[in-house]
Amino acid sequence: MKTKVLMAILALVIAGLIAVPWVASYFYIFIFTEILILGLFAASFNLIFGYTGMLSFGHAAFFGIGSYATALVLIHLEWPFLACLLVSMGAAAVLALVIGFLSVRLNEVYFAMLTLAFGMMVFAIAYQWRSVTNGSDGLAGFTLGSFGLGLDLTLANPSVYYHVVLGIVAIAAIVLYLICRSSFGMILKAIRQNPERVSFAGLNVRTYRLVAFVIAGTFAGLAGGLIAPFLRVASPELLHWSMSAEPILMAILGGTGFFLGPFIGSAAFVLLETWITTYTESWMLVLGIILALMVIFFRKGLLGTAIDWWMEVKK
Amino acid sequence: MSNPVLNIANLTKRFGGVTAVSDINLEVMPRETIAIIGPNGAGKTTFYNMVSGRMQPTEGRIMLDGKDITGLPPHKISRLGVSRSFQINNIFPEMTVQENVEVVLSAYHGHSRRLFNIASRNTAIQQEAVEFLTRLGIDSLKAQRAEVISYGDKRLLEIAMVLATQPKLVLLDEPTAGMTPDETRRTTRLIKKLADSGDYTFMITEHDMDVVFNLADRILVMHRGEKLFAGTPEEVKNHPEVRVAYLGEEDDEAVEEANL
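If you're matching them up, the sequences are chains A and B in order.
Those letters in the first sequence? Residues 8 to 322, per the numbering used here, in order.
Those letters in the second sequence? Residues 259 to 518, per the numbering used here, in order.
No lab work stands behind these hints, which were simulated from the structure alone.
Among the clues, some could well be false.
As the list claims (entries may be wrong) - Partial list, derived from the structure: chain A residues whose beta carbon lies under 7 Å from chain B: (1) Arg-188; (2) Arg-204; (3) Phe-207; (4) Leu-210.
Claimed, not checked - Listed below are the simulated BS3-like cross-link pairs for lysine-lysine, each with C-alpha atoms no more than 30 Å apart in a straight line: (5) A/Lys-11 / B/Lys-400; (6) B/Lys-450 / B/Lys-485; (7) B/Lys-400 / A/Lys-307; (8) B/Lys-334 / A/Lys-196; (9) A/Lys-9 / B/Lys-400; (10) B/Lys-426 / B/Lys-334; (11) A/Lys-307 / A/Lys-11; (12) B/Lys-450 / B/Lys-495; (13) B/Lys-400 / B/Lys-426; (14) B/Lys-426 / A/Lys-196; (15) B/Lys-450 / B/Lys-334; (16) A/Lys-11 / A/Lys-196; (17) A/Lys-196 / A/Lys-9; (18) B/Lys-451 / B/Lys-495; (19) A/Lys-196 / B/Lys-400; (20) B/Lys-451 / B/Lys-325; (21) B/Lys-495 / B/Lys-426; (22) B/Lys-485 / B/Lys-495.
Ideal Cβ placement from N, Cα and C applies to all residues, glycine included.
All chains should be modelled from the sequences, with the hints used to inform the complete structure.
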């Protein structure tokens with residue numbers, strides 16, 4: 008019964024998301040595009056954070072390389088958009104394999120510091136390798152051509168681009184969700200709760216952490232590939248360590264224990280930022296207060312707290 | 259005459275200048291239950307840590323079924339058939355009791371590599387998990403979150419997880435430590451039944467001598483890292499040095515003196 012109501016709410020939300028371009032202003036079409044892309048970024052991060060228990064401070068490296076990959080392919084090769092996204096995912100996967108291979112052997116704070124260090128290195132490369140990345144200005148001036156698969160879509164139209172993003176993020180979210188529910192996903196949760204017991208059950212914990220890291224990096228790369236045409240630029244800011252903090256904040260804000268938590272976190276983050284910055288410059292102060300309150304009083308995040316409340320009330 | 263499951267030769271572990279385990283030799287035959295006893299600091303846990311791969315031996319050889327497993331990492335030793343429990347509870351607290359066993363079973367059957375199955379509908383694994391819980395008498399707790407069940411039940415759950423890897427050799431590290439007398443009796447009976455079933459080879463460390471004498475076919479007595487004596491429970495009971503060093507005769511005298 009309760010699950011049915013929750014499913015009904017989810018269906019309504021999806022219907023609402025599909026309807027956005029017909030009911031909302033251009034401004035909010037942009038806002039919701041951003042929410043979806045950053046939501047996918049945060050959900051990919053939560054696979055390693057909320058499920059596997061690995062706090063990475065370098066997740067923006069994969070988001071950033073995804074955005075550069077799509078920008079570069081559009082500028083130099085003019086491939087269809089879907090092909091660009093596949094290149095973004097591939098580039099992010101390779102980078103995640105390299106960084107992950109060197110990082111997953113360490114635990115907790117050492118893992119966090121190492122991923123931060125690698126993230127800063129990738130940022131430095133994008134910042135200084137001017138001939139390829141155009142340095143601090145980033146890559147701009149690319150135009151989206153066709154979508155691929157023979158579909159005739161006007162990607163330059165924000166409403167169309169919103170629907171494309173919605174469709175791709177939905178597919179990616181379903182794939183991530185299936186992974187979370189699989190036997191592999193169960194092992195990831197077990198690793199978060201007790202890695203030693205998992206290794207004494209006969210599994211190489213390092214391998215599982217690496218595979219999770221690569222999957223998370225690949226989907227962050229996909230989110231990066233979606234953000235470049237949206238922002239019309241791939242710039243070093245997307246690789247900056249402060250960008251690595253965003254999925255952490257979103258996951259905590261929405262709730263790390265639920266698959267959709269990071270998406271709720273992304274929505275809360277982007278909407279609050281939009282609304283609060285119209286009143287005050289000190290958006291970071293307000294965000295800081297909200298996060299402190301969440302961590303102290305609502306450890307399960309917005310979604311987790313809401314679901315707990317619902318289960319209590321409807322008993 | 260069958261071959262030993264475990265053959266340990268000259269096993270030694272030194273931490274800097276301290277020798278925690280010194281030159282232990284031991285053969286464990288299939289389907290026997292061997293107990294390792296000794297006072298705190300005798301080196302029992304270090305010994306276990308080497309056999310299960312948690313620590314590298316400084317010297318010596320560990321052969322499992324004729325295969326050298328010395329210094330292999332825990333997951334490889336587990337794959338080869340050594341499964342262990344820990345002195346402190348070592349479970350997955352946020353999962354249900356049944357899921358705890360399912361994790362171990364999916365690792366054992368290789369389902370853990372499946373990215374797109376639905377774990378909660380893996381009925382073969384679920385049935386098998388319930389079978390192991392039934393064997394330990396805790397199947398009625400299967401839907402409970404593991405962190406809320408009693409201390410004794412958690413220890414039984416851990417034994418169920420240890421058995422779920424179908425091990426050639428089961429290492430139990432103080433299985434009844436911290437249990438109430440009732441729980442201790444229940445656990446001893448269960449281990450006895452499992453040992454009598456002939457499916458398992460057990461190596462047990464234990465402080466409770468009643469449990470040891472009840473379960474063990476053979477006992478290895480360790481003292482300050484060294485083998486003090488090895489023999490049947492009867493021999494151990496009657497061995498003068500063992501009585502002094504371990505069975506607490508000195509302690510009993512001290513207690514009696516204190517009571518005077």
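Violated constraints from the hint list, given by number and in increasing order: none
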